[in-house]
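Listed below are the residues making up each chain.
Protein chains: 2
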Amino acid sequence: MQVEIWTDVNCPFCYLGKKRFNDALADFAHADQVQVVHRSFELDPDFPAGESGDVVDKLTKKYGRTVEQVVDGERQLGAAANAVGLDYITSGRDYGNSFDMHRLLHWAKDLGRQEEMLDALYLANFAETEPFFGDTERLVKVAVGAGFDETGVREVLDDPQRYAADVRADEKQAQEFGVNGVPFYVFDRKYAVSGAQPPELFAQALTQAWDDRPQPTMLADGDACGPDGCEVPQA
Amino acid sequence: MQVEIWTDVNCPFCYLGKKRFNDALADFAHADQVQVVHRSFELDPDFPAGESGDVVDKLTKKYGRTVEQVVDGERQLGAAANAVGLDYITSGRDYGNSFDMHRLLHWAKDLGRQEEMLDALYLANFAETEPFFGDTERLVKVAVGAGFDETGVREVLDDPQRYAADVRADEKQAQEFGVNGVPFYVFDRKYAVSGAQPPELFAQALTQAWDDRPQPTMLADGDACGPDGCEVPQA
Numbered sequence: 000m001q002v003e004i005w006t007d008v009n010c011p012f013c014y015l016g017k018k019r020f021n022d023a024l025a026d027f028a029h030a031d032q033v034q035v036v037h038r039s040f041e042l043d044p045d046f047p048a049g050e051s052g053d054v055v056d057k058l059t060k061k062y063g064r065t066v067e068q069v070v071d072g073e074r075q076l077g078a079a080a081n082a083v084g085l086d087y088i089t090s091g092r093d094y095g096n097s098f099d100m101h102r103l104l105h106w107a108k109d110l111g112r113q114e115e116m117l118d119a120l121y122l123a124n125f126a127e128t129e130p131f132f133g134d135t136e137r138l139v140k141v142a143v144g145a146g147f148d149e150t151g152v153r154e155v156l157d158d159p160q161r162y163a164a165d166v167r168a169d170e171k172q173a174q175e176f177g178v179n180g181v182p183f184y185v186f187d188r189k190y191a192v193s194g195a196q197p198p199e200l201f202a203q204a205l206t207q208a209w210d211d212r213p214q215p216t217m218l219a220d221g222d223a224c225g226p227d228g229c230e231v232p233q234a
Numbered sequence: 000m001q002v003e004i005w006t007d008v009n010c011p012f013c014y015l016g017k018k019r020f021n022d023a024l025a026d027f028a029h030a031d032q033v034q035v036v037h038r039s040f041e042l043d044p045d046f047p048a049g050e051s052g053d054v055v056d057k058l059t060k061k062y063g064r065t066v067e068q069v070v071d072g073e074r075q076l077g078a079a080a081n082a083v084g085l086d087y088i089t090s091g092r093d094y095g096n097s098f099d100m101h102r103l104l105h106w107a108k109d110l111g112r113q114e115e116m117l118d119a120l121y122l123a124n125f126a127e128t129e130p131f132f133g134d135t136e137r138l139v140k141v142a143v144g145a146g147f148d149e150t151g152v153r154e155v156l157d158d159p160q161r162y163a164a165d166v167r168a169d170e171k172q173a174q175e176f177g178v179n180g181v182p183f184y185v186f187d188r189k190y191a192v193s194g195a196q197p198p199e200l201f202a203q204a205l206t207q208a209w210d211d212r213p214q215p216t217m218l219a220d221g222d223a224c225g226p227d228g229c230e231v232p233q234a
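Going down the list, the protein sequences come from chains S and R. Following numbering that gives the first Met the number 0, the numbering of the first sequence begins with 0 at its first residue and continues without gaps. Following numbering that gives the first Met the number 0, the numbering of the second sequence begins with 0 at its first residue and continues without gaps.
Think of the hints as simulated: they come from the structure by calculation, not from any bench. Just so we're clear, the structure is a prediction, and the values are computed from it rather than from any experiment. One or more of the hints may lead you astray.
Because identical chains share one entry, a pair is satisfied inside a single copy or across any pair of copies.
[What the hints assert, rightly or not] With a straight-line cut-off of 30 Å between C-alpha atoms, the simulated BS3-like cross-links for lysine-lysine are:
1) LYS171 x LYS108
2) LYS189 x LYS140
3) LYS60 x LYS189
4) LYS61 x LYS18
5) LYS18 x LYS171
6) LYS108 x LYS189
7) LYS171 x LYS61
8) LYS189 x LYS61
9) LYS108 x LYS60
10) LYS171 x LYS189
11) LYS18 x LYS108
12) LYS108 x LYS140
Work out the full structure, taking the sequences as your base and the hints as a guide.
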């Protein structure tokens, strides 16, 4: 069974949701037959690349909230993160364009190490006070710290076309599915769950998706090779 | 849209089917949004690794056919291959265990170059007279000839565990779908086509699968970040 998870590195609920989903998956009876793929979704694609700002300042301007509301929201997110064993800095977190991070996540997927890359990006963003966005050297340091090869990381970051089409394709698919918020979980393209749900709900969704996993409808049957040899076509 | 194609390198109809499917895909209006993945299926997993034999000899013994029937079948397969512009040697082709080839195909998938690897394996098997099975050096030569890095190829072939679980997972999925012959085409896990169909049928299947591509059913909606910010959870 394939689970596709649309996320953004900028998204606190995606960080929480990853832990809660993984907790549910760890207890799932068929976990060894579940393949998880993280897909790209940018919450703020128009934010200028190469810039960074305090998240409270940015969120008040972007969403018209008071500083108190944003600060309070961060505190509540911090408490929810801590409740599932995640570190979370409730002040000083920065904000920015995540496109290059999504390109790195696609590269890491090709290496079969997407989970490690995403964990490293989340930690750097949500659990470390050092500014994270708009600074390529910081991004290189985070990826290398997670065990990725520095030359490989730089090759991806230095070429803006590398994996750009993959990021766009993920976003186009999200649009087709009507996704307007993340995290967004899709099970074998048959069922979907939106949001950082409790592990119990993810457990239920995994079970339902597994029990109902799709069996394709045959459109046509023809010349094939099987255990008894190949059927010969009429030339 | 994802198209998964179960194949074996030992399977003449898979070789034909790849060309016919690709011809249909080349004319498909949404080809740029179709992702093709080749999955593993072994027609003869019990054939001893490291051995090779004449295909006519093997097929007569395995399927109880007369030499004339097998020779005639190869001639008809050759004619069908030639009709779509493929070379096909109608005598002297060999036969063997394809597990290592499937491991290489999974490695090539990670590199985003699965099509090139599969084309090279098919050509070496069906269009070149030099023996192909049971000979690691020949396999290295074929992969390197297709532009793959020799060190990388040898690393995969020298470690029998590399990608072995991926091959088994593909075969388990095929079993779940009730696949008993290849090629077998699955469109977004919703529709399936068996066999080396004519390009017109593949074109119809692509259109139907595209028009009916799945829209996941929402199981739950919850705390998420969207264009208007993040909904704050009740801590």
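Taking the hints in turn, this is what the structure says about them:
1. LYS171 x LYS108: both (19 Å within a copy, 22 Å between copies)
2. LYS189 x LYS140: neither (38 Å within a copy, 43 Å between copies)
3. LYS60 x LYS189: neither (38 Å within a copy, 45 Å between copies)
4. LYS61 x LYS18: Close inside one copy (28 Å), not across copies (52 Å); limit 30 Å.
5. LYS18 x LYS171: So LYS18 and LYS171 pass the 30 Å test inside a copy (26 Å) and across (29 Å) alike.
6. LYS108 x LYS189: both (23 Å within a copy, 25 Å between copies)
7. LYS171 x LYS61: So LYS171 and LYS61 pass the 30 Å test inside one copy only (24 Å; across, 49 Å).
8. LYS189 x LYS61: neither (34 Å within a copy, 41 Å between copies)
9. LYS108 x LYS60: Neither, since 35 Å and 44 Å both go past 30 Å.
10. LYS171 x LYS189: For LYS171 and LYS189, both the intra-copy (18 Å) and inter-copy (20 Å) Cα distances are at most 30 Å.
11. LYS18 x LYS108: both (19 Å within a copy, 28 Å between copies)
12. LYS108 x LYS140: Answer is both: 19 Å inside a copy and 28 Å across each meet the 30 Å cutoff.
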